[in-house]
Amino acid sequence: MTDRHRIALTVNGRPCEAEVESRRLLVDFLREDLGLKGAHIGCEHGVCGTCTVLMNGESIRSCITLAVQANGSSILTVEGLAGDGRLHPLQEAFWDHQALQCGYCTPGMLLRAHELLQENPRPTAAQVRAAIASNLCRCTGYQFIVEAVLDAARRLEAGATGQGHEPAASRT
Amino acid sequence: MSVTHTTPTPERELRWVGKSIRRVEDPKFLTGRGGYVDDIVLPGMLHAAVLRSPHAHARIVRMDVEAPRRLPGVAAVVTGAEAAELCNPMPDFGPAPDKHVWRCLAVDKVRHVGEGVAVVVAESRYLAEDARDLIEVEYEPLPVVADPIAAMEPSAPLVHEALGSNVAYQRTFVFGEVERDFAEADLVVRDHLRWHRSGGQPLETVGAVADYDPATGMLTIHCNSLTFTHFLFMLANTLKVPANRLDVRPTPAGGSFGSKFWAVKVAAVAGMLAKKLGRPVKLIEDRVDNITSCDHHGSDRIYDVELAVMKDGTLRGIKFDVVDDYGAYIQFGTGTHGNSLAQCVGPYRIGSVQYAVRAVLTNKCQQGAHRGFGSEVTNWAIERMVDLAARELGMDPVEIRRRNFIRPDQFPYFIPSGNVYDSGNYEGVMDIALRLADYEHWRREQERLRREGRYIGIGVISCQERSVFSATEFWFWFDEPAAKVTSAPESVTLSVDPTGGITATLYSNAFWGNSSDTVVAQLVGEEFDVDPHSVNVVYSGSNRGLPATGPGGSRFTVMVAGAINGAAARIKEKARKVAGHVLEVDAEDLEWAEGGFRVRGAPDRRLSLAEIALQTYLFKHSLPDEIETGLEASKVYDHPYTTMPSDDRSNLGVFYPFVGNACHVPVIEVDPDTGAISYLRYVAVHDAGTMVNPRGLEGQIIGGTAHGIGTALFEEYVYDRDGQLLTTSYMDYLIPSAMEVPEVIVGHQETPSPFTVHGIKGGGEGGRMMTPAALSAAIDDALAPLGVRCTELPATPERIRRWIEEARARGGGTMSG
Numbered sequence: 001m002t003d004r005h006r007i008a009l010t011v012n013g014r015p016c017e018a019e020v021e022s023r024r025l026l027v028d029f030l031r032e033d034l035g036l037k038g039a040h041i042g043c044e045h046g047v048c049g050t051c052t053v054l055m056n057g058e059s060i061r062s063c064i065t066l067a068v069q070a071n072g073s074s075i076l077t078v079e080g081l082a083g084d085g086r087l088h089p090l091q092e093a094f095w096d097h098q099a100l101q102c103g104y105c106t107p108g109m110l111l112r113a114h115e116l117l118q119e120n121p122r123p124t125a126a127q128v129r130a131a132i133a134s135n136l137c138r139c140t141g142y143q144f145i146v147e148a149v150l151d152a153a154r155r156l157e158a159g160a161t162g163q164g165h166e167p168a169a170s171r172t
Numbered sequence: 001m002s003v004t005h006t007t008p009t010p011e012r013e014l015r016w017v018g019k020s021i022r023r024v025e026d027p028k029f030l031t032g033r034g035g036y037v038d039d040i041v042l043p044g045m046l047h048a049a050v051l052r053s054p055h056a057h058a059r060i061v062r063m064d065v066e067a068p069r070r071l072p073g074v075a076a077v078v079t080g081a082e083a084a085e086l087c088n089p090m091p092d093f094g095p096a097p098d099k100h101v102w103r104c105l106a107v108d109k110v111r112h113v114g115e116g117v118a119v120v121v122a123e124s125r126y127l128a129e130d131a132r133d134l135i136e137v138e139y140e141p142l143p144v145v146a147d148p149i150a151a152m153e154p155s156a157p158l159v160h161e162a163l164g165s166n167v168a169y170q171r172t173f174v175f176g177e178v179e180r181d182f183a184e185a186d187l188v189v190r191d192h193l194r195w196h197r198s199g200g201q202p203l204e205t206v207g208a209v210a211d212y213d214p215a216t217g218m219l220t221i222h223c224n225s226l227t228f229t230h231f232l233f234m235l236a237n238t239l240k241v242p243a244n245r246l247d248v249r250p251t252p253a254g255g256s257f258g259s260k261f262w263a264v265k266v267a268a269v270a271g272m273l274a275k276k277l278g279r280p281v282k283l284i285e286d287r288v289d290n291i292t293s294c295d296h297h298g299s300d301r302i303y304d305v306e307l308a309v310m311k312d313g314t315l316r317g318i319k320f321d322v323v324d325d326y327g328a329y330i331q332f333g334t335g336t337h338g339n340s341l342a343q344c345v346g347p348y349r350i351g352s353v354q355y356a357v358r359a360v361l362t363n364k365c366q367q368g369a370h371r372g373f374g375s376e377v378t379n380w381a382i383e384r385m386v387d388l389a390a391r392e393l394g395m396d397p398v399e400i401r402r403r404n405f406i407r408p409d410q411f412p413y414f415i416p417s418g419n420v421y422d423s424g425n426y427e428g429v430m431d432i433a434l435r436l437a438d439y440e441h442w443r444r445e446q447e448r449l450r451r452e453g454r455y456i457g458i459g460v461i462s463c464q465e466r467s468v469f470s471a472t473e474f475w476f477w478f479d480e481p482a483a484k485v486t487s488a489p490e491s492v493t494l495s496v497d498p499t500g501g502i503t504a505t506l507y508s509n510a511f512w513g514n515s516s517d518t519v520v521a522q523l524v525g526e527e528f529d530v531d532p533h534s535v536n537v538v539y540s541g542s543n544r545g546l547p548a549t550g551p552g553g554s555r556f557t558v559m560v561a562g563a564i565n566g567a568a569a570r571i572k573e574k575a576r577k578v579a580g581h582v583l584e585v586d587a588e589d590l591e592w593a594e595g596g597f598r599v600r601g602a603p604d605r606r607l608s609l610a611e612i613a614l615q616t617y618l619f620k621h622s623l624p625d626e627i628e629t630g631l632e633a634s635k636v637y638d639h640p641y642t643t644m645p646s647d648d649r650s651n652l653g654v655f656y657p658f659v660g661n662a663c664h665v666p667v668i669e670v671d672p673d674t675g676a677i678s679y680l681r682y683v684a685v686h687d688a689g690t691m692v693n694p695r696g697l698e699g700q701i702i703g704g705t706a707h708g709i710g711t712a713l714f715e716e717y718v719y720d721r722d723g724q725l726l727t728t729s730y731m732d733y734l735i736p737s738a739m740e741v742p743e744v745i746v747g748h749q750e751t752p753s754p755f756t757v758h759g760i761k762g763g764g765e766g767g768r769m770m771t772p773a774a775l776s777a778a779i780d781d782a783l784a785p786l787g788v789r790c791t792e793l794p795a796t797p798e799r800i801r802r803w804i805e806e807a808r809a810r811g812g813g814t815m816s817g
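If you read the sequences in order, they're chains F and G. Residue 172, in our numbering, is where the first sequence stops; the numbers in between run on with no holes. Residue 817, in our numbering, is where the second sequence stops; the numbers in between run on with no holes.
What the hints contain is simulated information worked out from the structure, not anything from laboratory work. A few of these clues could be false.
Coverage of chain G stretches by chain F, computed from C-beta distances (three or more under 8 angstroms per stretch; other residues unrestricted) [to be verified]: (1) 20–27; (2) 31–40; (3) 185–192; (4) 353–361.
Selected chain F positions facing chain G (Cβ under 7 angstroms, derived; list incomplete) [as the list claims (entries may be wrong)]: (5) C16; (6) S22; (7) T106.
Glycine is no exception: its CB is placed at the ideal position from the N, C-alpha and C atoms.
Construct all of the structure, not just a fragment, from the sequences and the given hints.
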């Protein structure tokens, strides 16, 4: 294949350059070329939202986005959400509220919630529900996710900046 | 015959069981480090893609694979015929497997849309799919049988010629004095009910990464979908490797809902390719693969049910006549009807049962497991009939249930099929639900709003949630079964390191989203007085592994609790001897307290588990001769309560004994113009015995309810008359989003099982096992003024509109407002 393109983008704050086939999907680029396994593949036709990442702050479906479309952009994946080994308040809240079961939709759900809270730092439960309806979760019935997002909004408003617990910390 | 009455843990306050601790497995999932099967990358790994049949039923006349084989980057193209040389048929637990041979790829003919016919292996998935497009297949279409009733006609085209019929199995069981009860009944209500097929549809599909070492002959398969490790020798036979050279290593499953219970085809194809090529091969289903050919479409049943009732509402007997469309293969036989028979009288004192089942083969994807494994359909059928009886008798749905519940003093209660219900308080559960739902208030509101022309409906149902099957339900169908398998164990190894740190090794593919690691950590914490978050939970491959059955049938928590309890007792027995020796007291004078052994009456004289462990690792020759170095113990925990079926099958024995109960009360509004449903309230009260992690169980209940809403209102694998599957994407197969599910008000009752450690029962399926019945009742209730009855699921807006129009045509009720 000669059909290759150079792309330059920022992924989780780090500059990144690569040569990719024009048909290469962004999700495969992230997972296979960069080793960022947090973006999961669910339906491969843009419905379930499992592959959600943020491009320039906006959620996109990386399974129906080409890597070349990300040229010049800034991508945030779940790996970029936690800083310095500490969980982001959204991740903390998801953990506290058991807002995940199998964990497969969780990275996409976290990023969608992150986008929501950037736009609307004090959403109502109904607004959270409407926002996360873009992403399917087969396990939880969404209720604890809604609770977690509302709680994360409160934590962020109270000044939490991602300086949560270390992931292995024990708490009941 | 074995009945083990597990003595409940001695009366003491439970420290960790019953606490909603944060899940120990979550940090990896929250940070994108889940370690799912598709995350695995091995050196030199190739990627596979399967070519699938576009025909429901066709002969494969010719296949040309030369062009794809020449494509650069392609390592191999294997046709179905070649696969049949490389592999034996698939493990098949159905009746007469030699007459409906199931292979990892189709050989002479295809039997459903999506059946694999060839597989390509290449340097990347992209190249594999490029090459797949170059395969030329000439098919000769055959007459299609897509309707299970038509499939039973003698003239119907045969899905498997060798079987001579499309009816793979049929039998009528009679339990108790059915004819007497029907003859004496004041009223017999009858209905025809249709439950269409849906499926687990986890967001992660089935996948496998296989790795073969030609030097050792070892075949390793990393896989998200194989439990039943003591049956993996059958997969070894399929792959033509010695059973002791196969190692299946579990990865976390991104959801299962039954569909990864035993999904063996993907592992078999990957294993076949790795063995052929001597290189690692990854095969991950895409969504179309999974929807069309995942091995685990759910029940697809047509019922004629009759319920014999007395004027006072007493339920006497029930007759089921079920035709179940199993699709093209019948890998588990009629095990899904075993689940039905485990709780075929619901929570009621129904004295007799007739159960006729016909398992029919058609040109569709095969049936397997779907959260409830067939018992959820029976729950729906029973509750539909109880509601019909109530309507005929003019009784309140609450009252008819109250009158017929098995009473708390009647447990353990043997139902007519022979299974036992271990414990329960069904009226207690219903009363909590009615209180949480504010039932009387909503009855008044319903009345008021009806006058405004609004259609409010309240559903009240009470159903069973059987848990922890034993192996007998897979063979009691036959008078002369091929193998009377009786074992379905779960195992654990507990290892205490020299610092007192505890590692729990699990042997099945236990993580499906069901918090297996957390449950294990809490149970270990309970045994040893340690913080669950300090417990290391790891998974063993099947090679060198102990036998383990996995989480299917809501088994895991109950079974692993037994295994942990047993292994912990062995560790404590050894630790007691060591502590007695070191403290120079009789071991019998020691008691376990606060994470160590102390001398009774002299609590200052104690050794912690860490101190004891260090002794066992480093000071063997200072200890009594019988003490071996190290502190580790395993326990293979067999099913604690199984009895054998009678020879004449008038009694099937105890095979699914830990039986929870739940009451769901939805309050909904139906828009008769659009058929749309909105929720005013949704209450779910469950009794799953002693809860280990209440928040975790609530998550299962709420998630199961959402899943059940999908089953009740949206989800259906729709096949047309030509056997074409019309719902091959999530645009057509509709999984509920956050906007389609209500806020669920959850309540609990804890009636411990007398037969399990801590009194735990399974609780992972109950949500979905209740919701279809509850919403059907609520729809009926809402549209009662129009004379509508919900007899077919999913109750899509189109179907609800159709029922309204049919009711109008019958002249039943008038629209108001």
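Review point. Would you say the segment 353–361 of chain G counts as covered by chain F, given the rule of at least 3 residues with C-beta under 8 angstroms?
Key: violated (count 0)
Point to revise | Hint check, S22 (chain F) versus chain G [nearest Cβ-Cβ separation less than 7 angstroms] | key: With a closest approach of 11 angstroms, the S22 (chain F) hint is violated.
Exercise for review: Take the segment 20–27 of chain G, compare each residue's beta carbon with every beta carbon of chain F, and decide whether three or more fall closer than 8 angstroms.
Suggested key: holds (count 7)
Review point. Are 3 or more residues of the segment 31–40 of chain G near chain F, judged by a Cβ distance of less than 8 angstroms?
Key: holds (count 7)
**Study point:** Restraint outcome when C16 (chain F) is required to lie within 7 angstroms of chain G by C-beta distance
**Key:** At 17 angstroms from the nearest chain G Cβ, C16 (chain F) fails the 7 angstroms test, so the hint is violated.
Check your understanding: Taking the least C-beta to C-beta distance, is T106 (chain F) closer than 7 angstroms to chain G?
Key -> Status holds, d = 5 angstroms.
Review point. Given as covered by chain F, does the segment 185–192 of chain G meet the bar of three residues or more with CB within less than 8 angstroms?
Key: violated (count 0)
Figure legend: structure checked against the earlier numbered hints; hints not met, in rising order: 3, 4, 5 and 6.
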